[in-house]
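Asks: Now for the letters of each chain:
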Amino acid sequence: MSLDYTNDSAAAEALIKEVLDAYPEKSGKRRAKHLAVAKPTDEAGTTGCGVKSNIKSIPGVMTIRGCAYAGSKGVVWGPVKDMVHISHGPVGCGQYSWSQRRNYFNGTVGIDSFVTMQVTSDFQERDIVFGGDKNLDAMIDELDVMFPLNKGISIQSECPIGLIGDDIEAVAKKKHKETGKTIVPVRCEGFRGVSQSLGHHIANDAIRDWVFEKGVPEFETGPYDVNLIADYNIGGDAWPSRKLLEEMGLRVIGMWSGDATLAEMARAPKAKLNLIHCYRSMNYICRHMEEKYGISWVEYNFFGPTQIAASLRKIAAQFDETIQANAEKVIAKYQGLVDSIVAKYKPRLDGKQVMLYVGGLRPRHVANAYEDLGMKIVGTGYEFGHNDDYQRTGHYVKEGTLIYDDVTGYELEKFIEKIRPDLVGSGIKEKYATQKMGVPFRQMHSWDYSGPYHGYDGFAIFARDMDMAINSPVWSKFKAPWKAA
Amino acid sequence: MPQSAEKTKDHVSLFKEPEYTEMFADKKAKFECRPSDEAVAAQAEYTKTWEYREKNFAREKAVINPAKACQPLGAVFAAQGFEETMPYVHGSQGCVAYFRSHLARHFKEAVPCVSDSMTEDAAVFGGLTNIVDGLQNSYTLYKPKMIAVSTTCMAEVIGDDLSAFIATAKEKESVPADFAVPFAHTPSFVGSHTTGYDNMIKGVLNYFWDREKGELKAGATNGKINIIPGFDGYAVANNRELKRYLDTMGVDYTFISDVSDIYDTPSDGTYRMYDGGTKLDDVRDAINAKATIGLQHYCSEKSLEYIGTKGQATTSFHYPMGVGATDALLMKISELSGKAIPDSIEKERGRLVDAMADSQAYLHGKKVAVFGDPDFVYAMATFLLEMGCEPTHCLSTNGGKDWAAKMEALFATSPFGAGCKAYAGKDLWHMRSLLFTEPTDLLIGSSYGKYLEKDTGIPLIRLTFPIFDRHHHHRFPTMGYQGALRVLVEILDRIFEVTDAASDISYDLTR
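Residue numbers (the working numbering), protein chains in the order written: chain A, 1 to 485; chain B, 1001 to 1511.
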């Protein structure tokens, strides 16, 4: 169902030049390396999306990026539901990230699940002066009194921890000895690295160092055991994904980390195969499991029917003919649903232009889902992508697509103003400025409080939401009628 | 198959379908290693007990669900209230992503703000290079009239000196020498967002009154009254409502930070990065005002003290909401300006009192728990007492001993305050225990209260920042007589909804 089109390379090049001219010379030169136009398709069938990435943001330009703490607490650890996650440091980081990522879960909040809580050591000046280790020690005891059914505690470091020389690892070891519970110190101070990305990596390493081989619940392995890795269950995304995998006969023994329990994390090395959705945030632990336990891993994409079908076949190819036949049955089972969604929405969305600016995997992963509905991607970029993300992007986007890495507020506003796409998919910080310009918008981090978007069930919601945004009657009311001429 | 193109089910209903509920049960039984349902039920019951409450209140280190944010959030909010001003935060960039998101989720508006993205090398060598580059880039790209600098805890821990850094940046021509770059040190490990608000207001005044052209002294009075609104999620409507009163009274005034335009920009095809705000010339001239009023005492203590050093009269209120608090504000403005309170305003007052009299039977003796910033909680308790309600549990995570003492003094002024208590420095997990052991009829606070509502069944009324899960509340005032009327109606609506749902027999058409 892949659409055949190219975008206007010359116009995109001119636009890049225009925005770069607005910068002071030094900063313009630095930004130039992050902006590009996708080159014509090469022999391998990919477009060149080469930009510099994973480099420090330039001061004062209004980067959209977050920090390592956001990558660890906000992304990787926060969704693990039966652990208490301490935002260790001053109150703000935990407060602003409290319940904002919509990592859905089943459980009783404050009793056996703690995802939508903000637990913090609320650092005061004396903690900065005298250190926070003693209080952390006492705090862990208090949390066990308050929440005796917790299965473990993670310590998510905020900026001051690394600067004042606290030894949270020592506290974690001591408390583990005393309580027998899993205590995970995470060195995800916000000043580390250049974006959320290093936080993912540090959080992955913490799983390796403080969860694996530290006791696994009794478990009988099977031939079709897989882990569903790096789906954070935003708006429930991981659940339709799990359903598809189970329908094709696989057994999901761990969901990481949306709706996850600590047991699901600890058991993971017993799987036959790791299935990874958000490559950016959890490739590290997959590589580790491959090296250490010989578990291979497969990237998949459950956005939109084209990619879902391709992914189901790719996953099935790792198993026997029964699973492969099942995959075909699953694809066939949902074909009617797919046809009816496309029949309903494609006429309303055909040819509409989309600009994306998101994190993780979505700047590329959702491209085909839009194309399944007849829409075209004219620009895309990553908040915190690396080289390997941009290489993978070449498989998804067409020649002439505008590519922007770590885009600045200024650049994004200008790009949107000049291109005037029919839809922008980005985050809460970008939403309102875009809408004021009269350009429809969907938040593509939180699904704008909708979802799930994964799987076939999710595709129906995705299509409905994009149609809602683009075809809302409100966009026609922007100009006062007495000014219309 | 639960899904279809015709009747698309999203997360609200999709996960109630058997395909999903069965999957959840299977996952739980086979893979999750959860505590038993009995253990969960027992613990849930236990958390409702007095014994648990005592353990909960014995907590000294763990903070659970606090109702406060950190200093730079307040500084960014304050900075946005000045004409064409770019808030600039010196330190880690993630903080700025959080401030922008947090404010945008409440106001449903873009929140321009830059960071100078300090990382490991800045942690070692300091952030001077970041500020030199950062000021130049923001000035060139976003063309502000002023850049207001605050700090994250990272910059504070390593001890960066903003005054010296900004001076160096000006020497290096990052921005013109006469370009306004006020600053405030805003460590997040001291105070809360209300402290940061105060520090930034003081920083801006200090720039124009003491640094721009040397130390100024007040000149001939300009006849105006300065108003410092404080950190207020309803500032959009409240500032406008107060201006209406001041205009009606014929009082000349200057709002020191006014976010009512920037947090309420129109959709007409143009994105306004800057809109409205206090004119910089008005800030310069504000030193010559007759007096300055802080609408929220705990958001303006340092600023008012500083203004006092310039020989100006200052006074502060606790978020003027309700009859008496509005009376006091208007009388103070009248006293300071020499302008009378006109009949039209007195009539508005009468209409509010009329509404309260009409509805008093439904309010009398209702027990209410309140949480939020110290000034808001004081105001809400005051108004509740006026309505014959009992503000039973008044909790402020960022309230101190001084606030608690003021609250106790307030309770003592009314028979309805007899069983009421103030909880300074406590969090919403404490509030949960209070609500289970000593239940109230209503809970008033921010969106964070929804978890308490869910657990305890006590209806929540959202009347303070942040409100993420209801739209547009902040577009209508809570201050003044009109604001009080609106607050009254919100409380009544909730009471009537609860009554309607409570009994089929008393499902009355008229109340």
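Since the hints were derived computationally from the structure, they do not count as laboratory data.
Misleading hints may appear alongside valid ones.
Here are the simulated distance ranges between beta carbons [said to hold, decoys possible]:
1) B/A1502 with A/K418: 23 to 33 Å
2) A/K33 with B/A1025: 49 to 59 Å
3) A/E178 with B/K1030: 25 to 35 Å
4) A/R287 with B/L1128: 37 to 47 Å
5) A/K33 with B/E1173: 22 to 32 Å
6) B/S1163 with A/K174: 55 to 65 Å
7) A/V145 with B/A1502: 58 to 68 Å
8) A/D350 with B/K1028: 39 to 49 Å
9) A/W482 with B/K1217: 44 to 54 Å
10) A/F478 with B/K1028: 44 to 54 Å
11) A/Q124 with B/H1364: 25 to 35 Å
12) B/K1030 with A/R287: 23 to 33 Å
13) B/D1037 with A/Y449: 26 to 36 Å
14) B/K1213 with A/Q124: 36 to 46 Å
Listed next, the in silico DSSO-like pairs over lysine-lysine satisfying Cα-Cα at most 30 Å (straight line) [what the hints assert, rightly or not]:
15) A/K346 with B/K1007
16) A/K346 with B/K1145
17) B/K1007 with A/K352
18) A/K29 with B/K1143
19) B/K1048 with A/K181
20) A/K56 with B/K1170
21) A/K418 with B/K1145
22) A/K134 with B/K1055
23) A/K33 with B/K1339
24) A/K329 with B/K1143
25) B/K1016 with A/K243
26) B/K1347 with A/K292
27) B/K1007 with A/K333
28) B/K1243 with A/K243
29) A/K479 with B/K1145
30) A/K479 with B/K1279
31) B/K1170 with B/K1048
32) B/K1009 with A/K329
33) B/K1009 with A/K333
34) B/K1172 with A/K29
35) A/K414 with B/K1170
36) A/K270 with B/K1030
37) B/K1302 with A/K272
38) A/K352 with B/K1055
39) A/K477 with B/K1007
40) A/K214 with B/K1061
Since the model is a prediction, treat every value here as computed from it, not as a measurement.
Note that the Cβ used here is the ideal one computed from N, Cα and C, for glycine as well.
Asks: Next step is simple, just say for each hint if it's right about the structure.
Replies: Hints, one by one, checked against the model:
| no. | hint | result |
| --- | --- | --- |
| 1 | B/A1502 with A/K418: 23 to 33 Å | violated, 58 Å |
| 2 | A/K33 with B/A1025: 49 to 59 Å | holds, 52 Å |
| 3 | A/E178 with B/K1030: 25 to 35 Å | holds, 31 Å |
| 4 | A/R287 with B/L1128: 37 to 47 Å | holds, 39 Å |
| 5 | A/K33 with B/E1173: 22 to 32 Å | holds, 25 Å |
| 6 | B/S1163 with A/K174: 55 to 65 Å | violated, 42 Å |
| 7 | A/V145 with B/A1502: 58 to 68 Å | violated, 36 Å |
| 8 | A/D350 with B/K1028: 39 to 49 Å | holds, 43 Å |
| 9 | A/W482 with B/K1217: 44 to 54 Å | holds, 50 Å |
| 10 | A/F478 with B/K1028: 44 to 54 Å | holds, 49 Å |
| 11 | A/Q124 with B/H1364: 25 to 35 Å | violated, 42 Å |
| 12 | B/K1030 with A/R287: 23 to 33 Å | holds, 28 Å |
| 13 | B/D1037 with A/Y449: 26 to 36 Å | holds, 30 Å |
| 14 | B/K1213 with A/Q124: 36 to 46 Å | holds, 38 Å |
| 15 | A/K346 with B/K1007 | holds, 17 Å |
| 16 | A/K346 with B/K1145 | violated, 47 Å |
| 17 | B/K1007 with A/K352 | holds, 24 Å |
| 18 | A/K29 with B/K1143 | holds, 20 Å |
| 19 | B/K1048 with A/K181 | holds, 25 Å |
| 20 | A/K56 with B/K1170 | holds, 24 Å |
| 21 | A/K418 with B/K1145 | holds, 26 Å |
| 22 | A/K134 with B/K1055 | holds, 20 Å |
| 23 | A/K33 with B/K1339 | violated, 62 Å |
| 24 | A/K329 with B/K1143 | violated, 59 Å |
| 25 | B/K1016 with A/K243 | holds, 14 Å |
| 26 | B/K1347 with A/K292 | violated, 79 Å |
| 27 | B/K1007 with A/K333 | holds, 18 Å |
| 28 | B/K1243 with A/K243 | violated, 57 Å |
| 29 | A/K479 with B/K1145 | holds, 29 Å |
| 30 | A/K479 with B/K1279 | holds, 28 Å |
| 31 | B/K1170 with B/K1048 | violated, 59 Å |
| 32 | B/K1009 with A/K329 | holds, 23 Å |
| 33 | B/K1009 with A/K333 | holds, 18 Å |
| 34 | B/K1172 with A/K29 | holds, 20 Å |
| 35 | A/K414 with B/K1170 | holds, 28 Å |
| 36 | A/K270 with B/K1030 | holds, 15 Å |
| 37 | B/K1302 with A/K272 | violated, 63 Å |
| 38 | A/K352 with B/K1055 | violated, 59 Å |
| 39 | A/K477 with B/K1007 | holds, 28 Å |
| 40 | A/K214 with B/K1061 | holds, 28 Å |
The structure is inconsistent with the numbered hints 1, 6, 7, 11, 16, 23, 24, 26, 28, 31, 37, 38, although it conforms to all the rest.
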